[in-house]
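Whole structure, please, built from the sequences with the hints as guidance.
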Amino acid sequence: AQTVTQSQPEMSVQEAETVTLSCTYDTSENNYYLFWYKQPPSRQMILVIRQEAYKQQNATENRFSVNFQKAAKSFSLKISDSQLGDTAMYFCAFMRTAGGTSYGKLTFGQGTILTVHP
Amino acid sequence: DTGVSQNPRHKITKRGQNVTFRCDPISEHNRLYWYRQTLGQGPEFLTYFQNEAQLEKSRLLSDRFSAERPKGSFSTLEIQRTEQGDSAMYLCASSLLNYGYTFGSGTRLTVV
Chain A
1 AQTVTQSQPE MSVQEAETVT LSCTYDTSEN NYYLFWYKQP PSRQMILVIR
51 QEAYKQQNAT ENRFSVNFQK AAKSFSLKIS DSQLGDTAMY FCAFMRTAGG
101 TSYGKLTFGQ GTILTVHP
Chain B
1001 DTGVSQNPRH KITKRGQNVT FRCDPISEHN RLYWYRQTLG QGPEFLTYFQ
1051 NEAQLEKSRL LSDRFSAERP KGSFSTLEIQ RTEQGDSAMY LCASSLLNYG
1101 YTFGSGTRLT VV
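Just so you know, the protein sequences line up as chains A and B, in that order.
By the numbering used here, the letter at position 30 of the first sequence is numbered 30, and the numbering carries on one by one without gaps.
Start counting at 1 in the second sequence, then tack on 1000, and there's your number in the numbering used here.
Source of the hints: derived by calculation from the structure; they are not laboratory data.
It is possible that some hints are incorrect.
What the hints assert, rightly or not - For lysine to aspartate or glutamate, the following EDC-like pairs were computed, each having C-alpha atoms within a straight-line distance of at most 20 Å:
| # | chain 1 | residue 1 | chain 2 | residue 2 |
| --- | --- | --- | --- | --- |
| 1 | A | 105 | B | 1056 |
| 2 | B | 1071 | B | 1086 |
| 3 | A | 73 | A | 52 |
| 4 | A | 105 | B | 1068 |
| 5 | A | 105 | B | 1083 |
Unchecked claim - So, partial list: chain A residues that the calculated Cβ filter (under 10 Å) puts toward chain B:
| # | residue |
| --- | --- |
| 6 | 7 |
| 7 | 9 |
| 8 | 13 |
| 9 | 16 |
| 10 | 39 |
| 11 | 43 |
| 12 | 44 |
| 13 | 93 |
| 14 | 95 |
| 15 | 105 |
| 16 | 108 |
| 17 | 110 |
| 18 | 111 |
| 19 | 113 |
This structure is a prediction, so every number in the text was calculated from the model and none was measured.
We put the beta carbon where it would ideally sit given N, CA and C, even for glycine.
Written out as structure tokens, the structure is:
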């Protein structure tokens, strides 16, 4: 079974600054995807960024980037130039795959509440 | 298509009553998932369908819970004899065969 651990229950950052959210996972699988999802208060979960385990290059989406360390089973999210709209709960998640097809189920971490202060 | 739709948004029920939630996925998505999220926690997987076939069920899904996706389109999640511990947000999501989930806004259940 896979486990995902987010050790930072809450983080805060000043607007325009950079913040890093941590995530570690445990799996015996070699093929998988990792995700960061954002859940604003009372709003639906949306995908922030995705990383395929077979790719050594870290994924980047505009102000969001990851530091994927496969051997260490670590997957942190860096948010640059933080904006007030980034305030949300952030979840790290794991999905097993095989032959390019996912097994469907996401395993989530406990989440990190991020507050961006003006 | 406006995304994944869940109804109702909120449900308050008395302990022991049955409740049913509905999820309408994105029309071209063949996979549909149900998750449960308690306050301040990450979502926990309950079950998922590929077309009309239920491919996996979590052990969290006790015999009081049943999910269906009769024609491979919308899905229903029924909870029988509700308990206070069932109070949670129930999330539905859909995807194509690979990744790329789209989540709905959820149904918040309160059992009193």
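The hints, checked one at a time:
no., hint, in the structure
1, 105(A) x 1056(B), "holds, 9 Å"
2, 1071(B) x 1086(B), "violated, 27 Å"
3, 73(A) x 52(A), "holds, 13 Å"
4, 105(A) x 1068(B), "holds, 17 Å"
5, 105(A) x 1083(B), "violated, 26 Å"
6, 7, "violated, 13 Å"
7, 9, "holds, 8 Å"
8, 13, "violated, 20 Å"
9, 16, "violated, 28 Å"
10, 39, "holds, 9 Å"
11, 43, "holds, 7 Å"
12, 44, "holds, 5 Å"
13, 93, "holds, 8 Å"
14, 95, "holds, 6 Å"
15, 105, "holds, 5 Å"
16, 108, "holds, 3 Å"
17, 110, "holds, 5 Å"
18, 111, "holds, 5 Å"
19, 113, "holds, 8 Å"
Hints 2, 5, 6, 8, 9, counting from the list given before, are not met by this structure.
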